Amino acid sequence: MTSESTLFSNRWLPILLVAPFMLLIVLFFYVPIFQAFYWSFFLEQPFGGGSMFVGLDNFARVLSDREFWQAGWRTIIFMVTASSLAVLIPLILAVAADRKVRLSLPARNVLVWPKGVAGASIGVVFAFVFNPFVGILAPLNKAFPGIWAPGIDGTDAFITLIAAHVWGGIPFNFVILLAGLQSIPRTMHQAAAMDGAGPWRRIFDVQLPLIMPQLFLTLVLEFTESVTSAFALIDTITHGGPGGATTLLVYKIYKDGFSGYDLSGASTQTAILMIFVILLTAAQFVFLGRRINYER
Amino acid sequence: MIENARSLNIAASLILLIGMLYILGPLYLTLATATQSYEFLLRNGLAWYPGDQFLNNVARIFTETRIPIQMLNSLAVAFSLAIATCVLSFLSAYAIVYFRIRWAGIAFALILATIMLPVDIRVITTYQVASNVFSPVNALLDVTGLNGLIAEAFGAPVQLELSVLNTHFGLIAPLVAHGTGTFLFRQFFLTLPKDLFKAARMDGAGPVRFMFDILLPLSRTSFAALFVLTFLSGWTQYLWPLVASSTPDMQTALVGLARLLPDSDGEVPDFPMIMAGAVIVSLVPLLMIALLQRYLVQGLVLSEK
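If you read the sequences in order, they're chains A and B. Quick note: the first sequence uses my numbering, first residue 1, plus one each step. Quick note: the second sequence uses my numbering, first residue 297, plus one each step.
So that you can see chain A by itself, here it is in the shape it has in the complex (with noise of 0.2 angstroms):
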């Protein structure tokens, strides 16, 4: 061991210090992840009653299962919709705040607030504001009967899904992309300016190039995101319903899961929805990642 050497060499002190950190993933992270794959190969019976060998079968039964066909349909339309526009309107607000009106300063403390209140307590709120019958939309429900009813058409309750997503979303989002903005030297801007752009045409022609990298991390984050959290809201705001409209993939494997008792078509389902995250994921780095110039 010479002094000169940039790293330790200790051999049995590096295990150490992982090896609780390790044990946790393995046991909470791969072993889960194992399993749900193993499982999708053989038919289970729940409280242990021994299990079966049935190749693909499980597959074949989920993929024929037309409910499987339209969660899985709607968890990337909500997917779509609800993080473009998770993106998109903390992007605005960002532009917004970076410049030096009175408000910014204000709006940047307030912007963060919901960073604070959890899925669940979101949910709870908009169950409340969007309540057909008291909540903020009940006036206009007196005037045209029937017009918001979240509880019997299944647009409307989408509708409130995404609002509340979108709500519980601006915070990472603003700080990520304000953060972004504000790192542009000021010497851009003012280059920018002298070759004649407006500043209505530097936002598109630096700001926005610029802000690249960390749109794509914002975006990237909130397609799993929107796959994952939008849980809590379901399970406060609509239960899947009106009749499985709102029924986005993660709430049905919960429900197969712990309701149905069906641990095989739930294992089954989680495998194909880990597939499709990995592959989301992976796609995104290829086709948009490698195109972003992270050299300023």
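Hints were generated in silico from the structure; no laboratory data involved. Keep in mind that the hints are not guaranteed to be accurate.
Unchecked claim - Label-pair ranges, simulated between beta-carbon atoms: (1) B:434 / A:61: 26 to 32 angstroms; (2) B:509 / A:63: 54 to 60 angstroms; (3) B:488 / A:59: 47 to 53 angstroms; (4) A:259 / B:512: 46 to 52 angstroms.
Stated by the list, open to error - With the Cβ distance kept under 10 angstroms, some of the chain A side facing chain B (calculated, not the full set): (5) 8; (6) 108; (7) 113; (8) 114; (9) 138; (10) 181; (11) 184; (12) 198; (13) 236; (14) 257.
Every value quoted in this text rests on a predicted model; they were computed, and no experiment measured them. Idealized CB from N, CA, C, for every residue including glycine.
Fit chain B to the given chain A structure using the hints.
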């Protein structure tokens, strides 16, 4: 400001105003409703102005629901989650960055992969593992044939069983298995100058001393940022505490709050009391954000790099 861009500034102010209304509107309605009585709600619908029933509603939350006990659960979960994540992430990032080990890259990749598939996706099988944390050991013994040998020698195969469901450990452990903290610390360590390490070595500091006397004091802000971030995420967890706790006294406040909403759609729920509950449950994280916003923003920005 480079030039006077009046139209843009007006537009920006307008956008910020709308954005703040969108954020504050539901919060205000929550507060206003929490101060009205149930009868008022049934008579007038939405409360646009505050009433005088707030203390009454809060008192009902404290006497008629389990939310006080569940708040303690939430505190315990969020606090232990934050501490455990900070300590374990720091140690593993330290090992990965500062030791000459061949498996550093693999270990880091294994830890980082946890970010992609959160517990909400793998909840079914995580629940199964938590219902018997020794099930992987049992399976391993079965597969390797060791259990056959043991059964021959001792008359019965080994079947270990220990359920962590409905315990605080079970509520916390699967949430700790998340790589953001390790990532954050690793990024931070990599920004530290190499000379720091060399100087410490020259002064004769070993790995333990280097960690406690140099790295730990330097990482104070990273610790604070990560602590705030994980505390909030622990407080706001929903699906895992929902399935991992089976008795009301073990549930977290958020699960208890959601349970106050009736399942059926027909009647108008007792929204004033529920909103008072929402206010109480959100008070701890909101206070934390108000007081520690600097660290929160730092944490959010750090975790993206």
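Hint check:
{"no.": "1", "hint": "B:434 / A:61: 26 to 32 angstroms", "result": "28 angstroms, holds"}
{"no.": "2", "hint": "B:509 / A:63: 54 to 60 angstroms", "result": "58 angstroms, holds"}
{"no.": "3", "hint": "B:488 / A:59: 47 to 53 angstroms", "result": "49 angstroms, holds"}
{"no.": "4", "hint": "A:259 / B:512: 46 to 52 angstroms", "result": "47 angstroms, holds"}
{"no.": "5", "hint": "8", "result": "5 angstroms, holds"}
{"no.": "6", "hint": "108", "result": "9 angstroms, holds"}
{"no.": "7", "hint": "113", "result": "6 angstroms, holds"}
{"no.": "8", "hint": "114", "result": "6 angstroms, holds"}
{"no.": "9", "hint": "138", "result": "5 angstroms, holds"}
{"no.": "10", "hint": "181", "result": "12 angstroms, violated"}
{"no.": "11", "hint": "184", "result": "13 angstroms, violated"}
{"no.": "12", "hint": "198", "result": "7 angstroms, holds"}
{"no.": "13", "hint": "236", "result": "5 angstroms, holds"}
{"no.": "14", "hint": "257", "result": "4 angstroms, holds"}
Hint compliance for this structure: hints 10, 11 are not met, and every other hint is.
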